[in-house]
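Student: Sequence:
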Amino acid sequence: MTIEVVDDVAEFEQQRPRLFGIAYRMLGEAGEAEDVVQDAYLRWSGRAEVRTPAAWLTTVVTNLCVNRLTSARARRERYVGPWLPEPVATGNDPSEAVELKDTVSLGFLVLLEKLTPPERAVFVLREAFGYPHRDSAEVLGVDEAHARQLYRRALARVGDARRRFEARPADGVRLVERFIAATVDGDVKALETMLSADAAIWADGGGKTIAAREPIFGRSNAAHYLAGLAAGPRALSAELGVRIVNNAPAVVVHESGRLTGVLIPEIHDGAITTIRAILNPDKLHYLRTQLD
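The sequence shown begins at 1 in our numbering and counts up by one.
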């Protein structure tokens, strides 16, 4: 048997973007994903030699995530208001790791919340990273038939809805720019022309900042809610811009130079159908480090 000798640090750093990509999709939390990758590095540093570093690291990261998801479910059930994933900047830099671009839309990550941790693991490995069922089975320590069954269950839970999130970022930039202008002006009629009839707004404040604790449904209700934000006292110090976040054009809000919110519209057939607003300051830390 031939044992592959590798430069520990260099090998791990080469794998880091992919490992973060797996962990982020599994957990929906950038900070937690970083912790998992760091934990994997500690285990990597103390391991015996392995034949296939990439496979070994994938197994460690995936199973750490499965364990964390089990406890995370209980925390999310106690969460104040709607729970949304943490946003990450993806941008259009061709040198940026592809692991942070594909299948990371906020809507896609919300959809994955329907899955059990093992289902999510198999689905992420196959859909985002092209893993055959045999390899997914090895990662989770199950037989191939069981891995196939987990994937079928995931498909049944997620359905065809996942195709909604395969939009190109450039497609919605102009609409988001118009959306910002109408919101700043408090123009209800203009906002209504951009929203679908069944538009919805989900705001994640986590009980740490002012945010709607129940979703807002309907074109008129959503438009009036958005226009009302422009009349609030915080609007005077707010600056709104467009950045590519989770592979979609998003509204980033800065107050006194500090990132305080991200609104990510979901766009279908030229209309905004859903707006997910991440306002919990704890969930903006990772994005803040990316944008600063």
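Wrong hints could be hidden among the right ones.
Okay, the calculated beta carbon distance ranges per label pair [unchecked claim]:
1. H224 <-> D35: 28 to 34 Å
2. H285 <-> G218: 49 to 55 Å
3. A181 <-> N221: 41 to 47 Å
4. R152 <-> V242: 38 to 44 Å
5. D35 <-> V188: 29 to 35 Å
6. G130 <-> D185: 41 to 47 Å
7. H146 <-> H224: 48 to 54 Å
8. S220 <-> R134: 17 to 23 Å
9. A55 <-> H146: 24 to 30 Å
FYI, nobody ran anything at the bench for these hints, they're computed from the structure. Being a predicted model, the structure only gives us computed values, none of them experimental. Positions of the beta carbon are idealized from the N, C-alpha and C atoms, including for glycine.
Student: Which hint numbers does the structure go against, in order from smallest to largest?
Tutor: As far as the earlier hints go, 1, 2, 3, 5, 8 and 9 are violated by this structure, in ascending order.
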